[in-house]
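Visitor: Listed below are the residues making up each chain.
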Amino acid sequence: MLELLQSISYWHWVILALVLLGGEALGAAGFLLGISLSALLVAGAMALGLVQAWQFQFLLFALLSVIASVVVWKLFRKQNEADEAGAINDRAGQLVGRKFTLQQDLESGEGRAQIGDTFWKVDTDEALQQGCRVEVFARDGMTLKIRKIA
Amino acid sequence: MFGFEITAGVVVVLALIFIFSGVKMVPQGYNWTAERFGRYTKTLKPGLNLIIPFVDRIGAKLNMMEQVLDVPPQEVISSDNAQVTTDAVCFYQVLDASKASYEVNDLYRAMQNLVMTNIRAVLGSMELDEMLSNRDAINSQLLNKVDEATDPWGVKVTRVEIRDISPPADLVEAMANQMKAEREKRAAILTAEGEREAAIKVAEGEKQAAILTAEGEKEAAFREAEARERLATAEARATKVVSEAIAQGNPQALNYFVAQKYTEALQNIGSAENSKVVMMPLEASSVIGSVAGISELLKQTKIGS
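Just so you know, the sequences run in chain order H and P. For what it's worth, the numbering used here labels the leading residue of the first sequence as 22, then goes sequentially. For what it's worth, the numbering used here labels the leading residue of the second sequence as 2, then goes sequentially.
Be a bit skeptical, because a hint or two may be false.
What the hints assert, rightly or not - DSS-like, lysine-lysine: derived pairs with alpha carbons at most 30 angstroms apart:
1. Lys95/H to Lys62/P
2. Lys46/P to Lys120/H
3. Lys62/P to Lys25/P
4. Lys43/P to Lys62/P
5. Lys300/P to Lys262/P
6. Lys146/P to Lys169/H
Source of the hints: derived by calculation from the structure; they are not laboratory data.
Please model the entire structure based on the sequences and the hints provided.
Guide: And the structure:
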C-alpha cells in the first residue's frame, strides 16, 4: 500500500485531474471543478520538483482544492452578475423603468396599482390621480416605487 | 511518521467533504435558501454559489418559475340556492424565496385552500344567472383577493380562472326550456306583428285607391260642368250673334236656314244604309210649308228689287 503511494508520479495526478473534469462534465454540480484544477496544479508542482513525498502531495492537493474552489467560484460569480439571467424570474425587477397610466387614484404611501392585468403593491411619496402617467423607478422586494412623470 | 501519513489522508478526505458541502450550483429558475445554524441568512441565486461548510446549510429549494395550481372541483351554493360544481386554475409565481419558505408551511396546499374558500365566497354571493354570465368579473375579483392574501408569502398570483361552472342536469334542462320558450315567444310576436302590418298595408292601399277614384270622379264632374257652361256660353253667344244679325238684316233669312237644315236632315235619313224604312213623325206638309216660305221669300225679293 505504502509502496503504491510512494510510486505516484505526476502523471497520476494529471490522470486524476482529467477523470475529475470528466466527472464534472457528466454533472457533478460544480464542486469537482476546483478539485480537478488542484490535481493539475499538484502535477505541475511535482514536475517542477517542488514536492516529493506523497504525504506532502496529499496535503498540497487538499489545500489547493479548497483554494481553487474559491477561485473558481469568484471567477464565475463575476460572470454570473454580467450575464442576462438576472432578469429571469424577477417580475418586479422586470417592471423597473416601466411607464404606465394609473387606473385608480392613489394616496401617498403604499397602495395597489394595476400594471398589465395584475395588481402590484406600489409605494409613492405623493397622492396621485387616476389617469396620471407614472414610472417605476425602483423596487423594494415585491413593492414597486413609482413617481409621476410629465 | 505513520501518524502524519494518516493525517495527510484524512486531510484530503476532509478537504473533499469541505468542497462538496460548500460549493452549490443552483439551476436557473430556482432559488435556494441558506441557513446558518438553522437560521435563515441568505438566498442563493441561480449559478455557482459558495457557502461555509458545517456552518451553513441549504434550507428550502424553491421553484421561482410561474406555476399552475389546479383547484379541485367543489360544490358551491349560489345566493338563489342553486348548487353548482366549479373548478379553477390559478397561476402564481414565487417572488420572494425566503418568505415563501418561512412565512408559510406547505405553500401549495395553503394556496389551494385559499383559492377554494375565495371561490366559495365570491360565487356564494351571486345568483346563478350572474355567475354564468360574469366570468370576467369573478376572475378579477378572485385575483384581487387571492393576490392580496398571498402577499405576505412572497407570492404573486398572476391569474385565477374559473374553469367550469356546471349546474345540476335538471337545472340545465330547465334553463334550456326557458330559452326555447323565450325564442318561441319572440317568434310568435314577430309573426303577429308581421300579419298586423300586412293588414294595415292592405287597408291603407284600399283607402288610397278609393280616395284616388273619388278624386278622379270629382275632377271629371268639374270638368264636365265646366264644359257644359262653356257650351252654354258659346250657344248664348252664337244666338246673340244670330239675333243681332237678324235684327240688323231681314228676319226672313232665318226661315231659309231652318228649311235648309230640315231638308238636309231628311236627306240624311233617306241615305242611311241600315234601313230605308223610317218611322218618324214627319210632317211632309211642313216641308212644303217651308217651300212655300221660300216662294214667299222669292216674291218679296222680287218686290224689293
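Visitor: Output the indices of the hints that this structure fails to meet, ascending.
Guide: Per hint list: zero violations.
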